[in-house]
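Whole structure, please, built from the sequences with the hints as guidance.
Protein chains: 2
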Amino acid sequence: MASSLLTTPSQTLAALNPATARARRSSPAASQVSFSSLRLPSRRALRVRAAVAIEKEVPENEAPPTFLREDGAGAGSGSVRERFEGMIRRVQGEICAALEEADGSGKRFVEDVWSRPGGGGGISRVLQDGNVFEKAGVNVSVVYGVMPPDAYRAAKGTAKNGAADGHKAGPVPFFAAGISSVLHPKNPFAPTLHFNYRYFETDAPQDVPGAPRSWWFGGGTDLTPSYLIEEDVKHFHSVQKQACDKFDPSFYPKFKKWCDDYFYIKHRNERRGLGGIFFDDLNDYDQDMLMNFATECAGSVLPAYIPIIERRKDTPFNEEHKAWQQLRRGRYVEFNLVYDRGTTFGLKTGGRIESILVSLPLTARWEYDHKPEEGTEEWKLLDACINPKEWL
Amino acid sequence: MASSLLTTPSQTLAALNPATARARRSSPAASQVSFSSLRLPSRRALRVRAAVAIEKEVPENEAPPTFLREDGAGAGSGSVRERFEGMIRRVQGEICAALEEADGSGKRFVEDVWSRPGGGGGISRVLQDGNVFEKAGVNVSVVYGVMPPDAYRAAKGTAKNGAADGHKAGPVPFFAAGISSVLHPKNPFAPTLHFNYRYFETDAPQDVPGAPRSWWFGGGTDLTPSYLIEEDVKHFHSVQKQACDKFDPSFYPKFKKWCDDYFYIKHRNERRGLGGIFFDDLNDYDQDMLMNFATECAGSVLPAYIPIIERRKDTPFNEEHKAWQQLRRGRYVEFNLVYDRGTTFGLKTGGRIESILVSLPLTARWEYDHKPEEGTEEWKLLDACINPKEWL
Chain S
1 MASSLLTTPS
11 QTLAALNPAT
21 ARARRSSPAA
31 SQVSFSSLRL
41 PSRRALRVRA
51 AVAIEKEVPE
61 NEAPPTFLRE
71 DGAGAGSGSV
81 RERFEGMIRR
91 VQGEICAALE
101 EADGSGKRFV
111 EDVWSRPGGG
121 GGISRVLQDG
131 NVFEKAGVNV
141 SVVYGVMPPD
151 AYRAAKGTAK
161 NGAADGHKAG
171 PVPFFAAGIS
181 SVLHPKNPFA
191 PTLHFNYRYF
201 ETDAPQDVPG
211 APRSWWFGGG
221 TDLTPSYLIE
231 EDVKHFHSVQ
241 KQACDKFDPS
251 FYPKFKKWCD
261 DYFYIKHRNE
271 RRGLGGIFFD
281 DLNDYDQDML
291 MNFATECAGS
301 VLPAYIPIIE
311 RRKDTPFNEE
321 HKAWQQLRRG
331 RYVEFNLVYD
341 RGTTFGLKTG
351 GRIESILVSL
361 PLTARWEYDH
371 KPEEGTEEWK
381 LLDACINPKE
391 WL
Chain F
1 MASSLLTTPS
11 QTLAALNPAT
21 ARARRSSPAA
31 SQVSFSSLRL
41 PSRRALRVRA
51 AVAIEKEVPE
61 NEAPPTFLRE
71 DGAGAGSGSV
81 RERFEGMIRR
91 VQGEICAALE
101 EADGSGKRFV
111 EDVWSRPGGG
121 GGISRVLQDG
131 NVFEKAGVNV
141 SVVYGVMPPD
151 AYRAAKGTAK
161 NGAADGHKAG
171 PVPFFAAGIS
181 SVLHPKNPFA
191 PTLHFNYRYF
201 ETDAPQDVPG
211 APRSWWFGGG
221 TDLTPSYLIE
231 EDVKHFHSVQ
241 KQACDKFDPS
251 FYPKFKKWCD
261 DYFYIKHRNE
271 RRGLGGIFFD
281 DLNDYDQDML
291 MNFATECAGS
301 VLPAYIPIIE
311 RRKDTPFNEE
321 HKAWQQLRRG
331 RYVEFNLVYD
341 RGTTFGLKTG
351 GRIESILVSL
361 PLTARWEYDH
371 KPEEGTEEWK
381 LLDACINPKE
391 WL
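As they're listed, the protein sequences go chains S and F. Take the first sequence: its position 308, counted from the start at 1, is 308 in the working numbering, and no numbers get skipped. Take the second sequence: its position 59, counted from the start at 1, is 59 in the working numbering, and no numbers get skipped.
No wet-lab data here; the hints were simulated from the structure. A quick note: this is a predicted structure, and the numbers were derived from the prediction, not measured. Be aware that one or more of the hints could be misleading.
Since the list can't tell identical chains apart, any single copy or any two copies may satisfy a pair.
Only pairs whose alpha carbons sit at most 25 Å apart, straight line, appear in this in silico SDA-like list of lysine to any residue [what the hints assert, rightly or not]:
hint	residue 1	residue 2
1	380	79
2	107	373
3	371	129
4	186	321
5	107	371
6	389	270
7	348	368
8	186	108
9	56	264
10	389	238
11	241	115
12	266	386
13	371	61
14	186	327
15	107	320
16	56	261
17	371	58
18	186	65
19	56	367
20	348	265
21	234	63
So, in structure tokens, the structure goes:
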């Protein structure tokens with residue numbers, strides 16, 4: 001998830017099965033890969049195996065007004081697809097502008113625009129080696145793909161070898177759009193931030209009469225400091241809670257725990273950082289309400305993060321502080337390459353590698369058997385990663 | 001494989017299934033995990049799913065004369081198990097002594113000895129931040145585990161729900177021993193080296209009359225330079241070929257290609273480095289012959305590598321050379337965390353994390369969309385990683 005735009009690994013699928021060809025507009029440079037996990041709505045995680053492919057992305061000179069196809073369900077003016085794409089592109093612009101200002105180096109985000117022949121595309125923006133930020137990436141993407149019929153059937157509980165009415169089910173087209181960002185500052189006292197908000201829709205499969213369209217939202221914002229400064233963590237979590245509380249008082253406690261559970265480095269028995277909020281497969285509320293909630297969360301990134309950056313970007317530090325930050329960056333790499341669903345799935349299915357791996361820090365470090373001494377500032381951070389706390 | 005001692009992911013299994021409890025001597029701190037790939041001999045890759053666990057390792061003050069259990073099949077004096085453990089422990093000593101001398105800093109390898117209550121153990125030796133070596137790890141281990149019955153049945157082609165004679169098959173105990181090492185020098189013109197040699201045995205399952213004991217060898221030695229210096233690569237490959245040719249003229253070409261195929265970073269479409277030799281599941285030759293072959297290969301590490309280190313350890317370099325080395329180290333991390341079977345399996349099953357991840361470099365770097373200019377020295381190395389060459 002860190003850098004890939006979609007946790008839901010349906011990200012960029014286009015089934016190679018000949019039966020699915022009609023759902024694709026073209027198939028240049030499709031490479032065959034396999035995938036083993038596909039999440040579907042209603043919190044039902046499925047395991048499916050299928051031959052899938054991804055179209056190779058094509059560089060574009062400039063961003064089009066929209067990456068949406070004109071055809072298809074849910075594509076009309078005022079649709080959630082259209083509103084979500086508009087929101088993430090607006091937020092990308094606002095956040096990049098604010099980060100450039102906070103960086104103060106005069107450096108600008110470098111932009112790469114790309115599209116896929118079958119529809120969709122993305123805008124990757126990266127600022128590297130600035131004054132404040134070692135590496136900052138803010139990406140948006142819109143993806144059209146095809147979900148293998150087995151996955152859809154399993155999700156809907158229809159018969160294994162046919163659809164509900166006895167006909168053989170075909171592939172299920174899907175749409176996904178998201179914004180994803182990882183911000184790695186230089187100063188060891190300034191925390192790394194990750195956020196990601198995405199919207200997912202399946203079309204109603206034409207050959208399964210009565211099967212519904214599905215949609216869901218996912219995302220979250222989380223903080224990864226190298227040093228535990230309570231004032232900063234409390235500020236960050238309180239902004240997340242404020243955003244959640246505007247919609248449902250159960251959201252913050254639920255999504256805070258989900259975040260602690262998700263960003264877990266199992267082989268270390270520690271979390272990547274100090275959490276925030278995380279949710280996935282969210283569809284059991286009014287769709288407009290969740291659209292507004294995702295918008296509120298994305299809009300809360302700057303007020304949650306910029307005050308912390310302003311306070312910590314010039315904090316004096318020494319080589320030991322920097323080395324500890326680099327070790328924590330190593331943990332960030334471990335989480336993203338070993339566990340993060342969006343990253344690992346993106347690597348396996350042939351997503352745009354540079355967009356996926358922009359989440360990795362510019363530099364990282366691994367020391368053999370490093371253990372901070374109990375009671376030190378380094379130990380306090382590690383302890384909070386091992387034993388997640390309530391910050392509010 | 002990079003740092004884990006065994007590619008064969010049976011490394012450290014002890015099935016949690018109650019039926020397997022009798023095969024284990026104790027089960028403290030066993031943690032439940034799942035695994036999805038278990039390789040068995042005769043080049044039959046199997047996919048199995050089972051609940052497995054690993055015993056937590058216990059630190060020891062000093063290395064015992066042997067990690068072998070006294071009981072069980074194949075444990076006698078002069079057995080291949082005994083000879084293999086003797087060989088890898090002797091080689092560990094010789095290689096560490098030679099590396100300390102080459103390093104010239106007066107620094108010594110730090111040793112961690114550990115054992116598991118159910119039998120087996122290991123010795124991890126690490127030299128960090130020396131004159132020549134940024135990080136050098138040389139590990140040996142001996143593992144007793146239990147292979148889930150499904151895996152054994154699938155390998156042997158017996159019926160799914162019972163053994164050949166109609167009785168339900170029980171778990172299959174196995175033994176594995178190996179040496180594994182990754183050496184990361186500081187100088188960008190001095191290449192990283194990895195080698196790993198291992199021996200694997202299953203016991204004859206007591207409840208499957210007539211089922212044979214199995215054994216196989218695996219391993220390899222490969223070179224990962226940041227700059228392509230043909231003299232060095234040719235020397236390295238020629239020593240590998242000499243070792244192979246003493247046993248079978250088909251070995252070098254076959255194992256050279258296997259190495260190029262194995263150390264492949266699929267999402268980059270490039271190899272980790274410039275290859276060497278790699279083999280696995282090797283059991284279709286005389287067992288003594290293969291024992292001697294593994295010994296010859298392990299004995300060829302120093303003559304293949306030390307002359308290169310001596311030539312390159314003091315080569316002048318600038319910041320650009322160092323940054324490129326750090327980017328290639330990033331690729332090393334990507335391979336090991338995403339693809340390497342031993343590493344990914346070890347992380348999932350709860351192997352000794354610090355021994356597994358000692359393969360990661362002290363420092364690494366990820367730049368967004370870095371592409372060396374065609375014709376540069378950096379480009380030449382990358383080209384050779386994308387298009388494997390014949391060096392001899």
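Results of checking the hints against the structure:
| no. | hint | verdict |
| --- | --- | --- |
| 1 | 380 with 79 | neither (47 Å within a copy, 50 Å between copies) |
| 2 | 107 with 373 | between (39 Å within a copy, 23 Å between copies) |
| 3 | 371 with 129 | between (29 Å within a copy, 17 Å between copies) |
| 4 | 186 with 321 | both (11 Å within a copy, 22 Å between copies) |
| 5 | 107 with 371 | between (37 Å within a copy, 21 Å between copies) |
| 6 | 389 with 270 | within (13 Å within a copy, 42 Å between copies) |
| 7 | 348 with 368 | between (29 Å within a copy, 19 Å between copies) |
| 8 | 186 with 108 | within (17 Å within a copy, 34 Å between copies) |
| 9 | 56 with 264 | between (32 Å within a copy, 20 Å between copies) |
| 10 | 389 with 238 | within (14 Å within a copy, 57 Å between copies) |
| 11 | 241 with 115 | neither (36 Å within a copy, 47 Å between copies) |
| 12 | 266 with 386 | within (11 Å within a copy, 33 Å between copies) |
| 13 | 371 with 61 | between (49 Å within a copy, 19 Å between copies) |
| 14 | 186 with 327 | both (14 Å within a copy, 18 Å between copies) |
| 15 | 107 with 320 | between (28 Å within a copy, 21 Å between copies) |
| 16 | 56 with 261 | between (34 Å within a copy, 23 Å between copies) |
| 17 | 371 with 58 | between (46 Å within a copy, 17 Å between copies) |
| 18 | 186 with 65 | neither (34 Å within a copy, 49 Å between copies) |
| 19 | 56 with 367 | between (38 Å within a copy, 21 Å between copies) |
| 20 | 348 with 265 | both (20 Å within a copy, 11 Å between copies) |
| 21 | 234 with 63 | neither (38 Å within a copy, 48 Å between copies) |
When held up to the earlier numbered hints, the structure conflicts with 1, 11, 18 and 21 and fits the remainder.
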